[in-house]
Structures are given as structure tokens and as C-alpha cells.
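Generate coordinates for the entire structure from the input sequences, incorporating the hints supplied.
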Amino acid sequence: MDGTQQIALSGVSLTNIQKSYGSRVVLAGINMELAQGELLCLLGPSGCGKTTLLRILAGFETPSSGKIVLNGIDVTRLPPNKRRMGMVFQAYSLFPNMTALQNVRFGPRVRGAGSTASQLAEAERLLGMVGLAAHVQKFPHQLSGGQQQRVALARALAVKPDILLLDEPLSALDAKVRTQLRSEIRRIQKETGITTVFVTHDQEEALSISDRVAVMNEGHVLQIAAPATIYQEPANAFVARFIGAGGVLQGRTEGNSVRAGSILLPANAAAALPLGTDVELFLRPEHVTLHVTDSAGAVRADVTEQTFFGSLTRIKLGLHDVPQGEIWADIPSDRAAHFAPGAPVWASWQPESPRVLAR
Amino acid sequence: MRARLSLFNWAIILLAALFFFVPLIVTGVFSLWQGGNRYGFSAYLLLLNTSGFWASLWLSFRLAVETILLSFFLLVPSMIFVHLKAQWLKPLFEFISNLPFVIPAIALIDGLTTLYTGPAWLISTPNYLVIPYVFLALPYAYRSIDVGLTTLDVKTLTEAGQSLGAGWGRIIFWVLLPNMKAALIGATLLTLTIVMGEFTFASVLLFHTFAVFINDTGQNAITEAAALSLFSFLITWLFMLGVLISGRRNPANLGGAH
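As they're listed, the protein sequences go chains P and C.
So in our numbering, the last one in the first sequence is 361, and the numbering has no gaps at all.
So in our numbering, the last one in the second sequence is 267, and the numbering has no gaps at all.
Some hints could be false.
Below are the DMTMM-like pairs computed for lysine to aspartate or glutamate, each with C-alpha atoms no more than 25 Å apart in a straight line [as the list claims (entries may be wrong)]:
hint, chain 1, residue 1, chain 2, residue 2
1, P, Lys318, P, Asp332
2, C, Lys164, P, Asp164
3, P, Lys84, P, Glu170
4, C, Lys190, C, Asp119
5, C, Lys99, C, Asp155
6, P, Lys140, P, Glu186
7, P, Lys192, P, Glu288
8, C, Lys190, C, Asp162
9, P, Lys84, C, Asp155
10, P, Lys192, P, Glu124
11, P, Lys162, P, Glu35
12, C, Lys164, P, Glu63
13, P, Lys140, P, Asp76
14, P, Lys140, P, Asp176
15, C, Lys99, P, Glu63
16, C, Lys94, P, Glu40
17, P, Lys140, P, Glu124
18, P, Lys162, P, Asp176
19, P, Lys162, P, Glu63
20, C, Lys164, P, Glu170
21, P, Lys140, C, Asp225
22, C, Lys94, P, Asp213
23, P, Lys318, P, Glu354
24, P, Lys69, P, Glu220
None of these hints come from the bench; they were simulated from the model.
Just so you know, these numbers come straight off a predicted model, no measurement behind them.
Here it is as C-alpha cells:
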């Protein structure tokens, strides 16, 4: 490859990637390493820079500074058609004038990879792999949205990419198809062992599909970790708020507790911070137990809201003497009648459950 | 369910048909008139044997093809570029494409003859007409191509092509142009029609195109002129029919089935 330089050994390495449009900083020095065969989700709210980072990886955008190394080769300034990256887009991107088979064969054809017969055979195999063996001769307008994205996935895989880039590929699909297709993407990714970067703003999608999740906000990567770690041990208040549901209470550390108003909330994590530190206490709804009568270690609260989710009902609680913040609790829906809005309840949790982060 | 047309709708259709067909029928009958009560095809036979007929027809057709090719060569890449990278230039393109509506043909000719110097094969031959013809057809060609590009997700298709390893040539010829077929055919038809019927430029610059031939013939032989007018109509209709057939045979459909 002309103009490239041998740097690292394998996988993908992003070093101090920065991107600015005028005075607006979109990416502020992103450093990231992806292992060979890993699926990493870039997760964050709209405008956090995740799509820009993916487009920089693909070569559609040039970073203002920084370096991208792919399988030991610096590809920072390489145009997209010279990189070996397969991409599935958020918008339907199949070529309307080509059948599913022709779409999948497009990449190998322009790259001159193999004979026509072998290109067609490989395209058919890939379409079979994504469950579209019966639709190879259909044009995009004859396929559903989910089928089109499957073809797009097969097309991206056909070029045998070093890295697969998925830019919110499921966001245009309905919920049922989305769940089904994301499982298939994960299965195929594991089967092929291709290093994959998946951009999404859907935390459930990110947590269910990834080896690791990178949570981004305002051009920064706030935390990169396994989904369970991100959920259970958020690195800061933004990640704690963005990932999963949970109650947040403000207070000050006091030994193994956090004092909010006149109430002492048990939280072992508070002991790690100096006495009197202003903190936020994060508590997942599944960690909270509700009682209809006073119970040892429980705090008094009032039910403010009930939300029915089918098998579970989420109860929102306001604490006495704590004007800011609330606690959430998920309980089986058949018990929800005991906790009607306005009813007094007692909430308890294990002291090791809350996450305590300095404000 | 097919909607039923009311009496009023039929009356409008009948009026429109009369407005359109009566002049054609009368012209057709007149073209067959051989004086007195005699009718026949002598005007048509005479035309076919007239020395300038085939030469002028061929010249206009050739100029139309050259105009179409040059228009596409200039417009397609630049408009793709604007759609992809420089949307802010679009108002400027719109403005330029509308200039032919406000600049009179005679002013354009004067401007061109003052400005352009060049090799004899261009300046001293009918090829010179291609330059004003491109300008003349610009509003129609621009609008058609713009509609074609707007209905496509050019950015995503281009990036999809690039991510698969395609360069600009393949993206334009394998991906974008085939999906703009209807728009390109529309631009072709409009340009063809304009050039085949263009009179002022050719007449002032003394080139003997088909429109000039029709005018000259009309001054000397009126039934032949009527026959010629019908003949030029027929040519346009044939082109249109071909365009419709080819457009229907392989339409570029966008979107999904569900």
C-alpha cells in the first residue's frame, strides 16, 4: 500500500483523534484500541461525535489531527476506497438498479477479486448466511427494510473487510425486526471474527451486542468497558444517568453512608471519599426493595408515580426531607397494587449497591 | 379503484383534444393539397428529394447529440459535486441555469461572437452552435438532472460505493447514472426537442439546420412547409415514445417493499 507505514501489529488503534469544524470541537482527542475480532459499540446521545468517529474510521472524514492504525498500517490519510472497511449505513444504501446478488457482488467486482463465477458463488453464500437465499434476484424495492439491511451486511462482508463499520443500521427498523437482526449481526460477527464498530444511541442495543461499549459525550469517550461494567460501575455521573434507569439523590458523604437532608442513606462506596464530600448517589431500580411497613435499615418514602412495563411495574419514590432526587424500584406487576401513588412505603437496599460519585 | 370521470372532466378532455389535434389535422390535410380539389403525397415526395432536407435534418440531429453529450459532461459531475460537497453553491447553479430565460438569443449571439475565438473546426462550422445550444438547454437539462439527484440519496450511495472500493468513475457510471435514467432521458428529450427546433441562433449565424430549412421551405412552398412541420412533430413523438418505453422497461425504484 503506497504512502502507508507499518506501525502496530493487529486490530485497530486510534491515537489522539481530534476533529473540529471551525471553532466547534466535535472530537476532542479520542484514544482507543480494538482487539482483533472485537465488537465495540460507540454509544452516546445525538451530537456526541460517535458517527463522526465512525466516518473518520471509514475515511469519509479526515481528522484534524491524530492517527488511525489498522492491522499495523497507518490509514489516516487513505481514501475510503483504498481501505478494507465494510460499512452498513443507517439509511438504506443498496444500489437500486442492482439485484441483491449484484449488490453483494459489487465490492469483489470493483476490486477484481476472483473470477465472475467465484464472485457470484461467494455473493450467494453470503446472502444465504444472512437468510436471503430465496431473494437473490430481487431488487431493493422488492425487499423489506430488514431484508435490505441484511443485504447491506452481506455486501459489506463480501469485500472481506479488516473492520466492519455499522452506523446505526437498525434504527430505521421496527422493534421486533431490530431485536432479531441485532442477534444475527452478533452471530455473524462471531462466526466471521471481523473486528466491528457499531454506532448506536440505543443503550439496550449496545449492552446486548457488544464485547465493549464506549460511552461518548461532547466529543469525549467517557468510559470504555464491558457492558456489565458500564452498567454496574459507571465511571461518572453522565454514564450513570445515560446507561440504564435509576434513581439519583444528592447528599454528602458520612462514613459508610450519604446524608441527604435528615436521612442517612446506606452506601458503602461513600467510605472511599472524604467526609463531607458533595456526591450523587445512583441506585438501580432492581436493587431497591419496597416494604409496606417499616423495616430495619429502610427509609421512609412516598410513591409518586407508577409505570407499567408488563411483567414489571416501575415505582418512583420521593424521600421525605429530600426535595431533589428520587428512587426507582422495579417490582412484579402483580404486587403493584400495594404501592399506589401517594401511599407511604419503606425502601431498602444492600449498602454495596449504590454507586457514589463526587459532584 | 379507478375513479370515474364526470361529464365536466370529459368536456375538458374533449376541448384539450380539439385544441391539440385540430391544428394538426388541418395542417395534415393542407400538406396533402395539390391545388384545386386534388390531394396526394406530392409535397412529401418532393421534400424527400429536396437536396437540403436530409442534410439539415442530420445536422440538427448531430448538433443535438453533441449538445446533449457536452451538457451531460459539464453538468453531471459538477452537479454531483454540488450535491455531495457544496450544497451552498446550489443557489448559484440555480441562478446560472435560469440565465437563458432572461438573456435574449440575439444578445447571446452577439456576446458569443465577440467573446469566442478558436480553431476553424469550431468557429467556422455548425459545431459552433453547440455552445449556445448548451446554454439554451441549460435550464431544462439542469432541472431534470437536479430532480434525478434529489430523488437519490447521492451521499449514501456514493459512500457505499467508496466503502466497497469503487472510485469516482465506477460510482458515477455504475451506481449514480443508472439510477438517474429517467432524469437523464428527460434531459435528453428536452435538449433534443429544443435543438431540433432552434431557429434564431442557426439563422443569424447562417447555418442551415432543420429549423432554418423548414423556414426557407415555408417561404417558397407552403404545402411542403406544412408537411415538414408534421414530419418534425413525428420525429419528436417518436423520440418521446422511445423515451417512455425505455423509461418503463427498467425503472430505478427507491425505498423498500414494506
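If you check each hint against the structure, which ones fail? Failing hints, ascending: 4, 7, 9, 13, 16, 18, 21 and 22.
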